[in-house]
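There are 2 protein chains.
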Amino acid sequence: MKIAVFGTGSVGQAIAGKLAQINHAVMIGTRSPQETLARTEPDMFGQPPFSVWLAQNPAVQLGLFLEAARFGEVLINATNGMGSLEALHQAGEANLNGKVLIDIAVPLDFSRGMPPSLFLSNTDSLGEQIQRAFPQVKVVKTLNTVTARLMVNPNLVGNGEHTIFVSGNDSGAKALVSGWLASWFGWKDILDLGDITTARGVEMYLPLWLRLWGATGSGLFNIKVVK
Amino acid sequence: MKIAVFGTGSVGQAIAGKLAQINHAVMIGTRSPQETLARTEPDMFGQPPFSVWLAQNPAVQLGLFLEAARFGEVLINATNGMGSLEALHQAGEANLNGKVLIDIAVPLDFSRGMPPSLFLSNTDSLGEQIQRAFPQVKVVKTLNTVTARLMVNPNLVGNGEHTIFVSGNDSGAKALVSGWLASWFGWKDILDLGDITTARGVEMYLPLWLRLWGATGSGLFNIKVVK
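Chains E and R, in that order, give the protein sequences.
Per my numbering, the first sequence runs over residues 1 to 227.
Per my numbering, the second sequence runs over residues 1001 to 1227.
There's no promise every hint is true.
[Unchecked claim] One side of the interface only, derived from the structure: several residues of chain E facing chain R at Cβ under 10 Å: (1) L118; (2) V202; (3) P207; (4) L208; (5) W209; (6) V226.
I should point out that these hints are in silico values taken from the structure, not numbers from a laboratory.
Just so it is clear, CB atoms sit at the ideal spot from N, CA and C, and this is done for glycine as well.
If we strip away everything but chain E, and leave its shape as in the complex, we get (with noise of 0.2 Å):
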């Protein structure tokens, strides 16, 4: 399948790698291709610049917002949130429309030092932003509730036995990524929360994400629901 992924951080790269690996034809899509590859300075997690990551993954494309957009049967928004909207505008909305967007940002705000708070939450969520910015867009909100390696490898962690979820207003797009999520990554154990208004429970689990990486000195955890 031909995928689009925006964004070149940690989670983009996880997943485009992935997909990559499986044989995918992958592309992300950024702002500038040419300042993304002329970076050789560590981002502010302290991971390597993206092109000693490309160099590593010469399947993988990289391209405009736009080209990825145009390219991508599937699209995967892994930008930062606060520029998530704008990223998907430069792709344009006739570009993504009636395709499903797989939607992993997070409306996170590092601007007021660490732990991040975030810039949206509680009556509305950037799942629902994104919603109702491109209305014919398939959203569909999952993986933002793990660190980007576990999101593309759930094994890490106890076999794998915890939870992902899906939120988002069409079900057989939620079927869909469900089934993505099984076959691409070897996620078990699905929930769907229903419609993205849903979107605000996920995103505002971001806090005790934070404060549970901090009290276990990890990022690789999850969650599981246990009924």
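Take the given structure of chain E and dock chain R to it, following the hints.
Just chain R now, kept in the frame of chain E:
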């Protein structure tokens, strides 16, 4: 031990009932015992009036917030979050100072319909507000991430193999509360998240909890942290 439980709702009833059952001396505090006992209608969640419950739990005493605070060696805040600070002020700072206050209250705002939103979140929490208002009280936030029945009986689901969190500034108080969670109720997996600011995490988990309730059709569930 002499324990004060502030609040007559389902959480106060579950906690007070269980503590009395295991032979603690329990007084529930309320704004007006007369008004509480005079209610004959079910509450907003369809629970029977308090007087029905009290008749079934005759060992539990009922008094003013002030009387309960004077009575209790340990204090438990199970009030409606919107009224928590007022209830604690009525209890009287001098009657709270130096004691451990287990804070279970949640900042839910039901005034804008269902599902409720939070009246406080992101860069503050109810746990922090209470700690700031009563700096000499040892506030430990816990139990607010599960439904009342599960608070006092974690074995109701998954053989008790799921996680409860504690947040607070006083390590000794957190150790005491963790011991009580185990000995009073049977909690096995108790995770110290850090200082009272981590109450933001467990309070902001509520919107996800509400959606999980909706998706699973029951409040009888919890999450387990899988590492």
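How the hints compare with the structure:
Checking L118(E) against chain R by beta carbon gives a least distance of about 6 Å; that is within 10 Å, so the hint holds. A least Cβ separation of about 6 Å between V202(E) and chain R falls short of the 10 Å threshold, and the interface hint therefore holds. Taken as an interface hint, P207(E) checks out: its beta carbon lies about 5 Å from the nearest beta carbon of chain R, inside 10 Å. A distance limit of 10 Å between C-beta atoms decides the matter here; for L208(E) the minimum to chain R is near 4 Å, and the interface restraint holds.
Residue-level restraint check for W209(E) holds (minimum Cβ-Cβ distance to chain R is 8 Å; threshold 10 Å). For the restraint placing V226(E) at the interface with chain R, the shortest Cβ-Cβ distance is roughly 4 Å, inside the 10 Å limit, so the hint holds.
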